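With the hints as extra help, turn the sequences into a complete structure.
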Amino acid sequence: MPATRQLSAIRKATMTKTTWLMAGSAALALQTALVPAGFAQSAAPGAVFELDPIIVSGEGRGAAARLRAAAIAVDVVDATDFSSAAAPTLAQALSLSPGVVVQQFMGGNDQPRIQIRGSGLQQNPTERGLLVLQDGMPINRADGSFIVGLAAPGQAEAIEVFRGSASNRLGAAYLGGAVNFLSPTAQTEPGTTLTFGAGSFGKRSVSGSHAVAGKKVSALLRFELTDADGERQINHAQRRLVLGGTVTMDWDEGRTTQVFVNHTDLEFDVAGPLNWADSQADPTRINENPLNTNGNGTGIGPNVLRDRPHRATTQTLVGTRTTLESGAHRFDAGVSLSRTKDEFIFPIAHGVRGTEGWDANLMARYALMPEGADLPLIEATLNHAYGHADREYYFNSGGSRGAQFGANGLRSATTTAHLGANLPFGGVFLLAPSLSYTHATRDNTELWPTRVGTASDTGFDNSYEGWSPALALRWTPAEDQIAWINLSKSFDTPTSDDLLSPVGGTVNTSPVGLRATDVKAQQARTLEIGWRGNRGAVGWDAVAYHSQIDNELLQLNTSSGVPYVSNADRTVHDGIELGINVSLASDLRGRLAYTWQDFHFDDDATRGNNTLAGAPRNLLKVRLDWQTSDRLALSGAVTWRDEIWVDNANTAKADAVTLLDLGVRYALSDQIELVAELTNVTDETYAAAIVAADTAMTNSASYLPGEGRAAYLGVKMKF
1 MPATRQLSAI
11 RKATMTKTTW
21 LMAGSAALAL
31 QTALVPAGFA
41 QSAAPGAVFE
51 LDPIIVSGEG
61 RGAAARLRAA
71 AIAVDVVDAT
81 DFSSAAAPTL
91 AQALSLSPGV
101 VVQQFMGGND
111 QPRIQIRGSG
121 LQQNPTERGL
131 LVLQDGMPIN
141 RADGSFIVGL
151 AAPGQAEAIE
161 VFRGSASNRL
171 GAAYLGGAVN
181 FLSPTAQTEP
191 GTTLTFGAGS
201 FGKRSVSGSH
211 AVAGKKVSAL
221 LRFELTDADG
231 ERQINHAQRR
241 LVLGGTVTMD
251 WDEGRTTQVF
261 VNHTDLEFDV
271 AGPLNWADSQ
281 ADPTRINENP
291 LNTNGNGTGI
301 GPNVLRDRPH
311 RATTQTLVGT
321 RTTLESGAHR
331 FDAGVSLSRT
341 KDEFIFPIAH
351 GVRGTEGWDA
361 NLMARYALMP
371 EGADLPLIEA
381 TLNHAYGHAD
391 REYYFNSGGS
401 RGAQFGANGL
411 RSATTTAHLG
421 ANLPFGGVFL
431 LAPSLSYTHA
441 TRDNTELWPT
451 RVGTASDTGF
461 DNSYEGWSPA
471 LALRWTPAED
481 QIAWINLSKS
491 FDTPTSDDLL
501 SPVGGTVNTS
511 PVGLRATDVK
521 AQQARTLEIG
531 WRGNRGAVGW
541 DAVAYHSQID
551 NELLQLNTSS
561 GVPYVSNADR
571 TVHDGIELGI
581 NVSLASDLRG
591 RLAYTWQDFH
601 FDDDATRGNN
611 TLAGAPRNLL
621 KVRLDWQTSD
631 RLALSGAVTW
641 RDEIWVDNAN
651 TAKADAVTLL
661 DLGVRYALSD
671 QIELVAELTN
681 VTDETYAAAI
691 VAADTAMTNS
701 ASYLPGEGRA
711 AYLGVKMKF
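To convert, note that position 201 of the sequence shown is 201 in this note's numbering; the numbers rise steadily by one, no gaps.
Please keep in mind that the hints were generated in silico from the structure rather than gathered at the bench. If you're wondering where the values come from, they're calculated on a predicted model, not measured in any experiment. Any given hint might turn out to be false.
Here are the computed lysine-lysine pairs in the DSS-like style, where the Cα-Cα straight-line distance is at most 27 Å [as the list claims (entries may be wrong)]: (1) LYS718 with LYS215; (2) LYS520 with LYS489; (3) LYS216 with LYS718.
Below, the structure is given as C-alpha cells:
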C-alpha cells in the first residue's frame, strides 16, 4: 500500500480495533500490530532486536506485550502522536504521557524542565533525576547528569517512559524513572523521507532519512536542522543540528547487532525570567535593569541585556548493542562512548562555565524467558559508567569569557546491578521481587593555582552506595486487565554540578570563588498501585503512588540567580497518573492524560508542611483525533495546568492556564502529506515555567513566559 494511504489506514484501524486498547502503551501496541519491526530497540523486560514483522495481540510475546504484562508504571509514545511538526519539542512529544511534566523554557530548542514524580523537580534546567537511554543503552553522563536540550524526539520512532521503580531493571534506581528513545531502522522506515516546516517566530526546520536495506546488513541515515528567532527579545539564536545513523546486522541464530552514531550541535540564547507584572504586561521583554542595593531598578534578577546568557553544546555519541537468543536464554550487551563540549554563559552572578569531557557506558543484561511466559522468569542487569571532564570558570564580560577564576578536573563513576524475578502462582497472580545496588564516586581535583576568595581547597572525593529492593504483586482479574501493588526504594546520587558551584556573586557583581557543597544521596520509599486494561472501546492506565523521601536534593536560586543545592530533611511526594483512550466512533478517537501531584515538606523546621516549589498540583490534557477521510485528519487538544508555587515558603505563585491547540493533516498524494497546527489559539499570556527559590522576594524575576499564539506549516514526503 502506498505510504500515505497506509498511514491513513493505520490511523483508521487504530480507532476501530479496540480488542486491547490501552492508554499510551496500547496506542503504540495497536500501531505495532500493523507495521513492521516496532520496538526493535526496546528496553522492555527480556527485549531483543525484533527484525521480522511483529504481530502484537492478546497472545503476543513481543516487547509491547511484555510491557503491558509487567507490574510497572510504563507508557509508550509513538511518533505518530507528535508528528504534526517536522521537529517536535520534548513537551509536544510527551504531552499525552501521564505522570510526565515538561515545562517549556523559551518555547524552542532550549532546555525544558522535565520531571517525573518530582525527581529533579527544582532544577532549571533539568540535569538529574532520570535515566536517559537511546535504543536501550544508557547515555547519561557518568555522574548521572544529562543535557535535556540534546533530546531530539523527532528523530525517534517511539519513546518508552518507565516511571518510578520501573527503571531499576535498566541500571538505575531513580525516583523518577527512565526515558528510552527508540531510533528507526531501515526495516521500520524504508526508503527516503524529507520533511520541511516553517512557522511563527522564525521557526524553520528540515529533517530527513535514507534507508539502505540488505539481507544481513541494513542502515538508516538521518538528519534534523531546526532554527528559530524566538518570540522574546534577545532570544534569536535557537539552533539544533542532529546527524545520526544506525547500522543493523542480523547474524542469524538469534544474534543481532546494532551500531548507532549521533552528533548534536545545540545553541540558544537564554532570555531569562521576568517578574510577574512584567511577564503579564509584555511577555516578549527581558529583565534588563535589576534592582540595586539602593532600591533603584525593576525586577530582582539577571540583567539579560548586559550579560547575554547563552548556551552552546556539542555532543557526539557512538554506541553498539548486541542481543542473543539461545533457547530460553536472552543475552544483551552494549557499550557507548560520548564526547561533550558545553559552554554555558550564565548571568554575571554565576559567570561562564565551560566543560569538555568524555563518558563511557558498559551494559550487560540477561533474561530467562521460558516458552509461553509473558515475562522473564529471571532478569539481571549490570551497568558501569565512567567519565572525566575538564571544567573552567570565567567571569562574564558582556556575554563573553572574561578573566578565569577556576579550573577543576572532574571524575565520576557509577556502577549499578539489578536482579529480579517474575514468579507466577495461583493462575492469576505473579510475585516480582527484585534487588538493585548502586555504588557511585564523585571526585574533583582543583587545578586553578590561585584561589580567589576561597578559604579552602574545593577538591572532594565522595563515595555513595545504596540498596534498592522492590516487591510487586500482580493480579490478572480478566484477560485484558492487570492490577498490581509495588513497594520499592530508590537511591539518587548527586551530580558533579550539585557538588560544586560559584559563590558570592550578585545581580551586578561576579562570583568571589567556588564552593564544594557536601550533600547526601536522596533516598525514598514508594508504595505504588496500578490498574491497566480495557473494556469495549475504552482503555485505561491508572497509577497512584506515595513516596516518603529522605534528603531530597533541592536546587534553588538566590535572588541574584545563582543556583545552589541542599538536602531537605523529609518530604512526601503523592501522585495519580491516569491515561484514557477511547474509540468514540469508527473515525473518532479521544485521549486523556491527567497528572495529580502533591509534593510537600514533612514537618520541616523552617517550611513546615509547605508545598515544594515548581510542580503544578493538576495537569490535564484532552485530545480528539478525527479521521474525516482517507486523506484528511483533524485534531484538537485542550491543556489545563494548575497554579505553580514559585518558592518553598509558598508566598508567590504562577496562575493556572488553559491552552487550546488545533492540527490538520492532509495527504496530497500517496507520497506527500501537508501538516498544519495552531498552538495557543486564544493567545493566553502565562508562565510556562518558574525559577524556584526558597523564599521569593517582592518583584523577583521568577517567571518564564510561555509562547503566544503560533502557526506552523509543514510538508512530509516519502519515496
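Hint check results:
1. LYS718 with LYS215: Between LYS718 and LYS215 the Cα gap is close to 22 Å, so the pair holds against 27 Å.
2. LYS520 with LYS489: Holds. LYS520 to LYS489 sits at ~16 Å (cutoff 27 Å).
3. LYS216 with LYS718: Holds, at roughly 24 Å.
When each numbered hint is compared with the structure, no violation occurs for any of them.
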